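Listed below, chain by chain, are the residues.
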Amino acid sequence: DAGVTQSPTHLIKTRGQHVTLRCSPISGHKSVSWYQQVLGQGPQFIFQYYEKEERGRGNFPDRFSARQFPNYSSELNVNALLLGDSALYLCASSLVGGGSTDTQYFGPGTRLTVL
Amino acid sequence: AQSVTQLGSHVSVSEGALVLLRCNYSSSVPPYLFWYVQYPNQGLQLLLKYTSAATLVKGINGFEAEFKKSETSFHLTKPSAHMSDAAEYFCAVTLTGGGNKLTFGTGTQLKVEL
Chain A
1 DAGVTQSPTH LIKTRGQHVT LRCSPISGHK SVSWYQQVLG QGPQFIFQYY EKEERGRGNF
61 PDRFSARQFP NYSSELNVNA LLLGDSALYL CASSLVGGGS TDTQYFGPGT RLTVL
Chain B
1001 AQSVTQLGSH VSVSEGALVL LRCNYSSSVP PYLFWYVQYP NQGLQLLLKY TSAATLVKGI
1061 NGFEAEFKKS ETSFHLTKPS AHMSDAAEYF CAVTLTGGGN KLTFGTGTQL KVEL
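Residue numbers (the numbering used here), protein chains in the order written: chain A, 1 to 115; chain B, 1001 to 1114.
The set of hints was computed from the structure by calculation and includes no laboratory data. Some hints here could point you the wrong way.
Which chain A residues face chain B? A few, computed with CB under 7 Å, are given here [to be verified]:
# : residue
1 : 42
2 : 56
3 : 109
According to the in silico footprint, chain A covers these stretches of chain B (three or more CB under 8 Å from chain A) [unchecked claim]:
# : region
4 : 1043-1051
5 : 1102-1114
The model shown is predicted, which means the values in this text are computed figures rather than measured ones. Note that CB positions come from ideal geometry on N, CA and C, so glycine has one too.
Pulled out of the complex, with its shape left as it was, chain A reads as follows (with noise of 0.2 Å):
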């Protein structure tokens, strides 16, 4: 079975500019997450989506936004982008996204790189 797929794997943009980053789970998971992970630090979260609507929302800026699709594929809107949104951005997907018996598998990533 296929993994958590990201695109795209890596991007060049300027300040100002907007970016949009996707998402597919595996098969079968409901439930997505986004985290940003800038160079050398653990990963921070930025937002949950299970079955379509939001779940959960770190401490990022109006900036960022997300939305789930009804085949659960997720999208990462960032605007107005800034030098510090420079990093990793990954996305994990889970069955139930919560519980005792949940867990998140991660996609590679995609790395952002702000001019």
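Got chain A sorted already, so can you dock chain B onto it with the hints?
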């Protein structure tokens, strides 16, 4: 709020030696605890998780971790290091009943020397 602290941003061991990576957690309710590994330019791979069953948890690649409530610790060990274990390791916590938002530590870079 929950948090984890990983002591030692870099750990170096000889091949065949014991690996010990430290993680302490802070949580107001019973936590679920995880160890993930990240190889260069890759995503995170789950090594093991604690979800309030057995306190000694066995994971993949010979790793294990013990949940000690009295010490609020969840240290990761492996009896004998292999060169392929060189990677960055992250401890993470999530709360029971709190969805699956993971809070990660800052990571420990493991170096394995011949």
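Hints and how they fare:
Interface hint status for residue 42(A): upheld, as the beta-carbon distance to the closest one in chain B is roughly 3 Å, under 7 Å. Evaluation of the residue 56(A) hint against chain B yields a held restraint, the C-beta minimum of about 5 Å falling below 7 Å. About 5 Å separates the beta-carbon of residue 109(A) from the nearest beta-carbon of chain B, less than 7 Å, and the hint is met. With a cut-off of 8 Å between beta carbons, the region 1043-1051 of chain B has 6 residues touching chain A; three or more are needed, and the interface restraint holds.
Residue count for the region 1102-1114 of chain B with a Cβ under 8 Å from a Cβ of chain A: 6. That meets the three needed, and the coverage hint holds.
Against the hints set out earlier in the document, no violation occurs for any number.
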